Amino acid sequence: MELWPKRVGPVSSSRNPSVGTYSLQQNCPLISRPCSARIVVPHRPLSGQGNGPESHDCQEPFGTQGRGGYFDDFGIIRDVMQNHLFQILSLVAMEKPASTSAEDIRNEKVKVLKCIEPLKLEDTVLGQYVGDPDGEGDAREGYLDDPTVPRGSVTPTFAAAVFRIKNERWDGVPFLLRCGKALNERKAEVRIQFADVPGDIFKGGCKRNELVIRVQPNEAVYCKFMTKQPGMSFSPEETELDLTYGSRYKLYLSDLHGQSVPNLEKIVVSNFSQISRDELYEAWRIFTPVLHKIEKDKPKPIPYKYGGRGPKEYDELAEKNNFTFTGTYKWKNPNL
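For reference, each letter of the sequence shown is one residue, going 1 to 336 in UniProt numbering.
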């Protein structure tokens, strides 16, 4: 099996969250902080078997904006999921390294990647955005309306996939990765959803508790949980405990594409984000079979409207893997 195809995709790209070693993690120290928190203050019961699924999202509210010719050569899986989101997955799921050295961290990332089975097409949802006739400006144009995109292209602009890690900690916990263009918001986050509490006495009134790592925008770590409303009733409501990065540390983090001047934080977290050849090999081992099948069979992506949440089939995939989306709670940045 060819693990190093000629169309390697953006291990070095100029548009999306990583360019070679210019990775999502280097520019977003929040990615290394939750990893550090889990290592320095172990909370094993909060991560692993017996808990609910994890969702890793990278959403963009805009389309290809005239750059579809470049994007069409790679597609959303190579452009975002195979490198950026998979790096986040490996950092979240890895075991405690022997030290904070780059080599020890890379070794643990490789170990967890070796436990992931190759992705299958039946565990994915592929979509392509179409114009919204009720939208304004670019929102009225679909991917195929971009003059730089080949006519009749079936390149996906949205991809969701479920991965399973076959090791002692994560066996039975699905990891859902989702990325897409022309969606309803700009967001990159990790959402760890905890399993339902047995013996529900609130008659279905409680939603699942979640630990959310917001990478961008408005970097934060918060825990969404249920609490009793003030007063004599026993009505539960959703609220959060949060660490808003900009508020707590009084600094500004530029977006993923804008940061170019090195700083101390970037040097420190680079140990978490340097990518070794072994990591690349494992990533291609996992993704190459499904990428070859997509190129061979050319499945037609599911159309989804510009500015929406993506194909409804993603929600079906998530529900099938025990991830529950309610949409009843939205975190508010306290700095706004």
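Honestly, I wouldn't trust all of these hints.
Stated by the list, open to error - Here are the computed lysine to aspartate or glutamate pairs in the DMTMM-like style, where the Cα-Cα straight-line distance is at most 20 Å:
(1) LYS296 to ASP123
(2) LYS96 to ASP145
(3) LYS96 to GLU279
(4) LYS114 to ASP104
(5) LYS300 to ASP145
(6) LYS312 to ASP132
(7) LYS305 to GLU108
(8) LYS298 to GLU279
(9) LYS293 to ASP73
(10) LYS296 to ASP278
What the hints assert, rightly or not - Derived CB-CB ranges, DEER-like:
(11) GLU103 to ASN184: 19 to 25 Å
(12) ALA102 to ASP171: 43 to 49 Å
(13) PRO303 to GLU117: 28 to 34 Å
(14) ASP73 to ASP171: 34 to 40 Å
These aren't lab readings, by the way, just hints derived from the structure by calculation. Keep in mind the model is a prediction, meaning the values are calculated, not measured. Note that the Cβ used here is the ideal one computed from N, Cα and C, for glycine as well.
Earlier hints that do not hold, by number: 2, 7, 8, 10, 11, 12
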